[in-house]
Structures are given as C-alpha cells and as structure tokens.
Amino acid sequence: MSNKLIHGWDKLQARSSIMLLIVAAVIVEVMGAVQYIFARDGIRQEVKQRARTEIRMRNLEIHNVISNVEVAVNNMQWLIDWAAANPDSIYSTLQLIIHNNPIITGCAMAFEPNYFPEHGEWYEPFAGRSNGLTGDIVRRQIGSANHNYHNATWYREALTSDGGQWTEPYLDDAGSKMMVSSYTMPIHDSEGKVIGVFCSDVSLEWLADLFGSQSGAYTFLTSRSGRLLACPDKSQVMKTTIQEAAKQFNDTMIDVVNANMLAGDSGDAEIKDNNGNKNYIYYSPVEGNTGWSMAVIFPDKEIYAGLHRVGTYLTIFMILGMLLMAYIMWRTFRGHQRLQAVSAEKERIGSELRIASAIQMGMLPKTFPPYPDLDELAMYGALVPAKEVGGDLYDFYVRDRKLFFCVGDVSGKGVPASLVMAVTRSLFRTVSTHTESPEQLMMQMNNAMSEMNESSMFVTLFIGVLDLRTGNLAYSNAGHCPPLVIHNQTVTPIEMDANIPVGLMSDWQYNRQDIHINPGSNIFVYTDGLTEAENGEHGQYGEERMNSTLAQVGNLAPRELIAAMSDSVHAFVAGAEQSDDLTMLDIQFIKTIED
Amino acid sequence: MNTTIKEQNGELVTYFEGRLDTAAAPQAEKDIQPLLASNGKNIVLDCNALEYISSSGLRLFLTVLKSAKSKGGHVFITGMNNDIRNVFSMTGFTNLFEFR
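So the protein lines, in turn, are chains G and F.
Quick note, the first sequence lines up with residues 1 to 595 if you use the numbering used here.
Quick note, the second sequence lines up with residues 1 to 100 if you use the numbering used here.
If you're looking for bench data, these hints aren't it; they were derived computationally from the structure.
Where is the CB? At the ideal position from N, CA and C, for every residue including glycine.
Be careful, since some hints might not be right.
[What the hints assert, rightly or not] Simulated restraints on C-beta separations:
1) G/Q337 with F/N9: 55 to 63 angstroms
2) G/L419 with F/E29: 17 to 25 angstroms
3) F/N9 with G/G542: 37 to 45 angstroms
4) F/N9 with G/S426: 44 to 52 angstroms
5) G/H516 with F/N82: 24 to 32 angstroms
6) F/E29 with G/R401: 40 to 48 angstroms
7) G/I319 with F/G18: 52 to 60 angstroms
8) G/I359 with F/K71: 33 to 41 angstroms
9) F/K6 with G/K11: 57 to 65 angstroms
Kindly generate the complete structure, drawing on both the sequences and the hints.
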C-alpha cells in the first residue's frame, strides 16, 4: 500500500468514525426526546388525575362538615320555631344547640322589627362560646341600632328563602375572632309565617388544615364572591379575592377561569405566569349550596422537576458516553494506524523476501529436461521451502561426460539458512571446476565454509560424480541422509560413512566411496524435509513410507516420479503447515554413453 | 520442549525433554545460555527424554560443544534413543561428541 493510499484510508476511517459518532449522538438524542415526550405526556395525565383526586378528597371533607351542620340545624327547625313561640326558652334553646354541636361557635335568633314589642325594634338573642370553640357559653342580646341586621344581606336573603342558606364567610370580630360562615334559616310562627331568621355561626378554621401547604401543588378555596377562604399562604385568607389576584397576571386565561369558578363550573386550564412558566389549574365547585369553589394549581416547574432532573442526568450520562465512545474510537483509530504502519513494514519485508526467494530459486536448475540431447540421462528436481526462502539446495551439471551433482540441507531455515545455501551452491560451482573427486570437492568447500562460520551454521551435503560412460558413482557425504538407488522396484540406500556436516571443522578428512549404478536405475537424493514431513499429530512421513512409495513409482520418468512423491507427502501431511524445506532430486541413468 | 540445567558432581547436566525441532530451537537456545557462560566445567547433555532432534537442534549441541572445547571442557551425551542415535551417526556427529 502506498503512503498516499494509506493516508486516504486514514481520512476515510476518521471521517466514518466521526459519522458514526454523529449518528450515534442523533439516535441517542432522538431516543431521549421520544422518551421525554412520552414521560411528559404520562406525567401530565398523572397530574390531571391527581388534581381531580385532590379536589374530590377536599370536596368530600368540606361537604361532610357542611352537611353535618345543615342536617343538625334542619333537624332542630321545630325546636327553633317552638322557642320563638316561647320567648323565655330562647336562650336555653340556643345554649342547647351550641352544646350539642361543637362546630357551631354561636347562634342567634334575629326577629322582625318589633316582633316582641317589649324588646323594641332590634331583638337578636345570641349564645356563644366565650373563646371560640372552647370556653363557657355566654348569652346576650346583640340587636341594636348599631347592629341593624334588618338590612343585612344575610338577613334579607334568609327571610325570603324557604330553607337553609350559607352566608358569605366573614371574620367574627364581635365574638369568636374566627373566620365563620353562618347557616341561616327562616323562623316561623305557629301559622307558618316568617317572623325572623335563625343564624348559626360555623367556624371555618378547619379549612386551613385542609388547604395547608403541600409539595408540588397549590390548592385554594374561594367563597361565592371570589374571596380566598383557604390557601397555603394564611396571610391572604379573607384579604384577597381571586379577581384581585388575577390583576397581577398578564395571561387573560385566568379571568376565564375565575369567571367559571364564580359561576360554579368545573374545568381545567393552562395559565402562564408573568415569567412565561406554565401552570396547570383544575377547579371545581364545592358540593352543596355554599357557593364555594376550589382549585388546585400544579406549576409545570414542579410537575416536571423530577423529569427534568432525570433528563439532566441522562444528558450528562449521554455526553460522558459519547466522550467515552469518541475516546475508544480515537484509540481504535490510533491502533489501526499503528497496525497499518506495522503491516506496511511487514509488506516491505515480505516484498524483499519475495525478491530474495526469486533470486534463490534462480540459483537452482530450472530447465527440465536439462539435457535433451543426452539420451542416457533424465533428471528432475524440486525444492519447496517452508518459508519464502530456505536452506535446501541442489545442483548438477555435466562435464567431460560426468554428472556432478549435490543435494544439501543447511541447519535451520529462513533467511539465515538461505544465505548459507547461496554460499554453498556458489562454492560447489567454483570448486568443482578444479577437481573431479567428490571428497576433494567436499574438503575444499568445508575448509572455505568453516573459516567464516561464526554462528555454527552447517550444511549436510551429498556430492556425487556419476561417470556416464561406466556407471560408476563416486561420492562423498557430509552428514546427509543416504540417497536411494531404485532398480527393478527395489529401493536400496547407498552405503554411507559417517562424516560431519560441512562448515563445522576445518581440515576434516572426508572420504570417498564408490558404487556401480546399473543402467535403468534411478538415484533419488532428498533432504530430511521429506522423511520428516509432519502431519497435524507430529507423525512423520518416515523412511518406510518413502521407500514403499518409491518402489511403486520407481518406473516412472523423473518428473512424474517426483510429482507422485509430492502427492504422497501432501496426502500424508493433510494440510499441516510445512515445517522444513523439502528437496527431491531424481536422476535416471538410462544407459551408458558409448565412446 | 523443556530444557533444565542442574549442577551435579561438578558437572552441568542438561535435561532435554520433548522435541527439539526448528520451532523449539530459539527457546532452547535461550535456555542453554548458562552452559555457554560456564568456565571449563564438563557438560552432560541428557537425552533420555528427548524424542526428536532436527538440524537446528544439532546446531545447538554443536554450539555447546564449541564453547566448552574452547574453555577446555568436555561435552558428554547420554541416553539417546535409536532415532536420535541414527541422526548422530548419519551426520557424523558421533565423531565430534563423547558419549556415556
């Protein structure tokens, strides 16, 4: 890969990483948004539900108290009418009512002008607790010119009504000092004519507890006229009306809500405060005829506080996750760059090795048949290195009707072995020009190689000189495995003296041996890469297998013989990695040369 | 492939265990460094548990031999199986080493 290409690939890689990051961010973002919307929707539904529950719960409580009073007073209608007909019993009757109804702080009977002439124009006997809900019951007549009740709204309305009425709540300055609402009822004489109004004051202090402050919501109660009867901020109670409160808001929606509340309707709305924050409001009238209305407000800020908190956490996590992802990508990218650098280096070494391999293979005879004009001789050689380059070698040439040949195996394999192989092969060619005797050849090669051998590399080498006129094979062996002579399907190893490999010790005396080769025989020379070819289970091809295979294919021409041997080895190793260089050289001595 | 060196009776006895092939040779070469660093002590290469030796293994033995000889020591080989004995005799290594 060229640098330009690598650079282009890097850019592509970086760009796709960034794209991936952006896509991931968008996906996470969209997922977050969808989740947020759904959660928001769910919370809104939840809030609406809660608003109705809050209101219903208060409605029940208020209605419970109110109706208790109504029922109690209505049930005493006969007693009040009776007391009006028996004026001496009025105070004791009022006292009795208070005594039996703890929530009633005081009650009075207000009569029409001069109904009892002896009591004048204003007559209103009253009984009440001296100190709000507790204390002794006191009695007095409260009608006077200063307290001219005849023109009071509550009195006028009660007179004309045919049942109980609740007055607008008020602060009872005179008596209990509490917020009260009065339940009024007309008093009749024995003929059924209305002669006055019975009025019982009911403390509304308990409302404060019902509308105390609570988290996330704001509830309040208004009277018929819109006055605040209860809300979490007690300082506002009885001081403000919702109409006044609405003036502080720009959102006109609040006026609609107020109108609906005053009209006794129920409903919900969204109101913006002046800062633009939304609030959800639900309002509903109090059951009964008090004319009261209740509302509960949920500020969005409070409703969604949890959601926003979760959203914030999620966003933080997302950002951290993205950063982590970016970091991992960056690391991966860097790692990839380093890997590319390494593989570029490997590529370079690989290409050098391929060149070295080509050079090495170029040193071997590669034209087969090598001597097409020689009818007496057929040859084929094959060398398969375990790596790109190897330490095996073979060589041959014909001079003076003699075939000089050698097969060698350098200890080890790979590049170091290949260098020794090249030296060995060159020495064979150089030295053999001066001598015809294999032992002299061997000794000269050994001396040359021992002198320069610092790393104890050595070569097992077989050198043979076959006289094509006589069939005599003179040979010298330096630790190489014995070649085989194949004749009439009989495989015989050539006898060997034990000589140390070439390159170990200068001046080693290698000896010469001779053997007669019959015409029609094959000389098969190989390296131990053949016999020690291993399959996956460390089983070796072995001499026996080699010998029996050679016996079967011995009558083939050299090229076919070696091909058959290769097939046999391949079948044996069954795809296991080749562990050593493998060389085979087959020389078929067809007949002697006639002079 | 395991290589263990023990000092016994003033000799460095090296036990080879397994297959000393080309793949195992680099590690074995590291393992025998103490032998090369020793000064003139006799060295015994115990091959009782050695299953196989390749030419790389032979080279290793030879390195030990050269180093020991240069310092006046001897190298003895003991306990070779038949396969290894054949390799030694074929390569002429029997001519170089002393055997026990």
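Next item on the list: Could you check the hint for me, namely that F/N9 and G/G542 are 37 to 45 angstroms apart, CB to CB?
Entry: 39 angstroms, holds
Notebook entry, point to check: If you check the beta carbons of G/I319 and F/G18, does the distance land in 52 to 60 angstroms?
Noted result: Cβ of G/I319 to Cβ of F/G18: about 57 angstroms, so the range 52 to 60 angstroms holds.
Check: In this structure, is the beta-carbon distance linking F/N9 and G/S426 contained in 44 to 52 angstroms?
Finding: Once the Cβ atoms are compared, 48 angstroms apart, the range 44 to 52 angstroms for G/S426 and F/N9 holds.
Next item on the list: Could you check the hint for me, namely that F/E29 and G/R401 are 40 to 48 angstroms apart, CB to CB?
Entry: With a Cβ separation near 47 angstroms, F/E29 and G/R401 satisfy 40 to 48 angstroms, so the hint holds.
Next item on the list: Given the hint of 24 to 32 angstroms, check if G/H516 and F/N82 actually sit that far apart at their C-beta atoms.
Entry: 31 angstroms, holds
Margin query: Range first: 55 to 63 angstroms. Now tell me if the beta carbons of G/Q337 and F/N9 are that far apart.
Written below: 58 angstroms, holds
Next item on the list: Please test the hint of 17 to 25 angstroms on the beta carbon pair from G/L419 and F/E29.
Entry: Since G/L419 and F/E29 have Cβ atoms about 18 angstroms apart, the given range 17 to 25 angstroms holds.
Notebook entry, point to check: Could one say that the CB atoms of F/K6 and G/K11 fall in the range 57 to 65 angstroms?
Noted result: 60 angstroms, holds
Checklist line | Whether the CB-CB distance between G/I359 and F/K71 falls inside 33 to 41 angstroms | finding: 40 angstroms, holds
In summary, this structure violates none of the numbered hints.
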